[in-house]
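Asker: Residue strings, one per chain:
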Amino acid sequence: MIIIEKICHNITVVALQGTLDSCSSSQLHYYSSPSVTEVPLVIDLSNLDFLDSSGLGALVEIARKKREKGSDVKLACMNDKVRKVFEITQAYRLFDIYDDVEAAAVNAGNKKNSL
Amino acid sequence: MIIIEKICHNITVVALQGTLDSCSSSQLHYYSSPSVTEVPLVIDLSNLDFLDSSGLGALVEIARKKREKGSDVKLACMNDKVRKVFEITQAYRLFDIYDDVEAAAVNAGNKKNSL
Amino acid sequence: MITMTLPAEIRYVRLASLTAAKVAEIFSASFTAADNADGFCHAFELSVSEAFTNAVRYAVSSDQENMVTINFKGDRNRLTVSVSDSNPPFDPEFPSPDINSYPESGFGLLLIRRLMDTVTYTREDGRNLISMTKQPDNQRFGNL
Amino acid sequence: MITMTLPAEIRYVRLASLTAAKVAEIFSASFTAADNADGFCHAFELSVSEAFTNAVRYAVSSDQENMVTINFKGDRNRLTVSVSDSNPPFDPEFPSPDINSYPESGFGLLLIRRLMDTVTYTREDGRNLISMTKQPDNQRFGNL
Ligand SMILES: Nc1ncnc2c1ncn2[C@@H]1O[C@H](COP(=O)(O)OP(=O)(O)O)[C@@H](O)[C@H]1O
Ligand SMILES: Nc1ncnc2c1ncn2[C@@H]1O[C@H](COP(=O)(O)OP(=O)(O)O)[C@@H](O)[C@H]1O
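Listed in order, the protein sequences are those of chains A, B, C and D.
Under our numbering, the first sequence has 113 at position 110, and the numbering climbs by one with no breaks.
Under our numbering, the second sequence has 24 at position 21, and the numbering climbs by one with no breaks.
Under our numbering, the third sequence has 192 at position 127, and the numbering climbs by one with no breaks.
Under our numbering, the fourth sequence has 83 at position 18, and the numbering climbs by one with no breaks.
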């Protein structure tokens, strides 16, 4: 997996490219480490070709750690294969999910929408 | 392999996408069939990810049949992996090879350049 | 019948899942009725990713190298993939955790059960064998 | 050691060559010195495409299904892939034809010999085994 960081509306946007599975999920550990848990984050999934439950676990960990500190992570642009994993596990309930990075970044400073 | 036909400068341009190997090479047989051997052709390789010697054989057959009828096939936009096959087999000697489709189409009506 | 044998190392997980996707693609190409080929291929890609990950993650270190075997078998209108390992036995009905507790694991077998038409588990000769079957035209859970 | 066994059917050729490319990618990832990983992976992708094609093309029909076995073995700084089939024996030094005669075939073994560092051919138990080895950092013919 390739990780590209960019800034959008003063928010760090992390674009994931390729495969997020049990082999590559540890590459996301940095984003749940104490030094960055308070910083809001957008994860751009538009070039993520494949996600499995281990990759999902890494995203869930980031969400939990950030929320414990009053911050949040927003997800943007998931394709149908990625969406399927969120549907079956019901993980869509844990995340604010946007169709574009722009909208995710604008809302990144807000707490998670309650259902 | 996906084959997309388009017209450029009144010349038929066939764009190959994906893999041209022993499984897919028969998809090119039409272009060496008697009904089209007299028609000049450009083959756009920009989206061809992989070529092997069976795929090369199909291209060589098209060139031979067209030249027998005084026509020609020009190749455009080969990537490094495809070029490697032309180098090792020296098949580059049999073809006029262009860096862009435009140039190939403009020259498609001409006989093969002599070396 | 296609067989692949791999060391139980996590660096091979994508090789396993890509192989599954490609086998499913070739298999579904023989069905004109397969109007959901993408979902069919993804079901195999994801299920094999989960099963191979588990085979590696729950491996018990031994003198011999642990090997994982992946087997594909097309049977008329169904494709079956089985993954076998030499790990301790496990419960294939393992209940998945409550998502609201932010679980970081526990969804592998749930995904497999939901993506596939049939899942069977057998224990034989000291090996686990999880066998997963799906029809290309079965849209129940496989559609993308 | 990774092993794949496939029926000798041409529809599996891309599965074979993609598997080779992926194994080579994983293997070369463990070499920081591999400044030509693309060429290394392509050498395996193309050589296996050629060897598997030949295994299918020159198969003799039999009662039993013909199977092709592909074997990968990483040995310190070299990756070896071998392809074995139950076809009649052949000459691995088969000379390639003159390109000026517009040959439509005959370049498979030439490509293998040029892309790989070492190629050996053995005949054992009624099977052909072509074994192809390359180092990731050997740029002789592998660079793209
Ligand atoms: N191949 C296996 N070998 C041994 N135990 C396994 C295997 N697959 C699954 N298990 C057991 O079943 C449980 C559930 O697996 P799974 O649903 O994939 O969730 P996870 O692996 O994320 O915990 C695992 O925690 C493990 O105890
Ligand atoms: N696996 C194989 N089984 C039997 N014969 C083979 C095999 N591989 C190669 N050969 C023989 O070697 C010759 C040269 O092979 P190759 O260089 O790949 O060219 P091509 O297959 O295009 O003729 C073939 O024509 C065939 O007679």
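Wrong hints could be hidden among the right ones.
Calculated cross-link-like contacts (lysine to aspartate or glutamate; reagent style EDC-like; alpha-carbon spacing at most 16 Å) [claimed, not checked]:
#: 1; chain 1: B; residue 1: 84; chain 2: B; residue 2: 64
#: 2; chain 1: A; residue 1: 84; chain 2: A; residue 2: 102
#: 3; chain 1: C; residue 1: 138; chain 2: D; residue 2: 158
#: 4; chain 1: C; residue 1: 87; chain 2: A; residue 2: 52
#: 5; chain 1: C; residue 1: 87; chain 2: D; residue 2: 74
#: 6; chain 1: D; residue 1: 87; chain 2: B; residue 2: 52
#: 7; chain 1: D; residue 1: 138; chain 2: C; residue 2: 74
#: 8; chain 1: A; residue 1: 68; chain 2: C; residue 2: 169
#: 9; chain 1: B; residue 1: 115; chain 2: B; residue 2: 99
Because the hints were derived from the structure by calculation, they are not lab data.
Quick caveat, the model's predicted, so the values are computed rather than measured.
Asker: Decide, hint by hint, whether the structure agrees.
Answerer: Hints versus structure:
1. Taking the CA atoms of residue 84 of chain B and residue 64 of chain B, the gap is about 21 Å. The hint is violated against a cut of 16 Å.
2. A distance of roughly 15 Å separates the Cα atoms of residue 84 of chain A and residue 102 of chain A; the hinted pair therefore holds under the 16 Å criterion.
3. The suggested pairing of residue 138 of chain C with residue 158 of chain D is violated, with an alpha-carbon distance near 36 Å, which exceeds 16 Å.
4. Under the criterion of a C-alpha separation no larger than 16 Å, the hint pairing residue 87 of chain C with residue 52 of chain A is consistent with the structure, at around 15 Å.
5. A threshold of 16 Å between alpha carbons decides the hint, and for residue 87 of chain C with residue 74 of chain D the separation of about 15 Å falls inside it, so the pair holds.
6. A threshold of 16 Å between alpha carbons decides the hint, and for residue 87 of chain D with residue 52 of chain B the separation of about 15 Å falls inside it, so the pair holds.
7. For the hint pairing residue 138 of chain D with residue 74 of chain C, the CA-to-CA distance comes to about 15 Å; that is within 16 Å, so the pair holds.
8. For the suggested pair residue 68 of chain A and residue 169 of chain C, the alpha carbons sit about 12 Å apart, so the restraint of at most 16 Å is met.
9. Proximity of residue 115 of chain B to residue 99 of chain B is assessed by CA-CA distance (about 6 Å); at most 16 Å being required, the pair is judged to hold.
In summary, the numbered hints that this structure violates are 1, 3.
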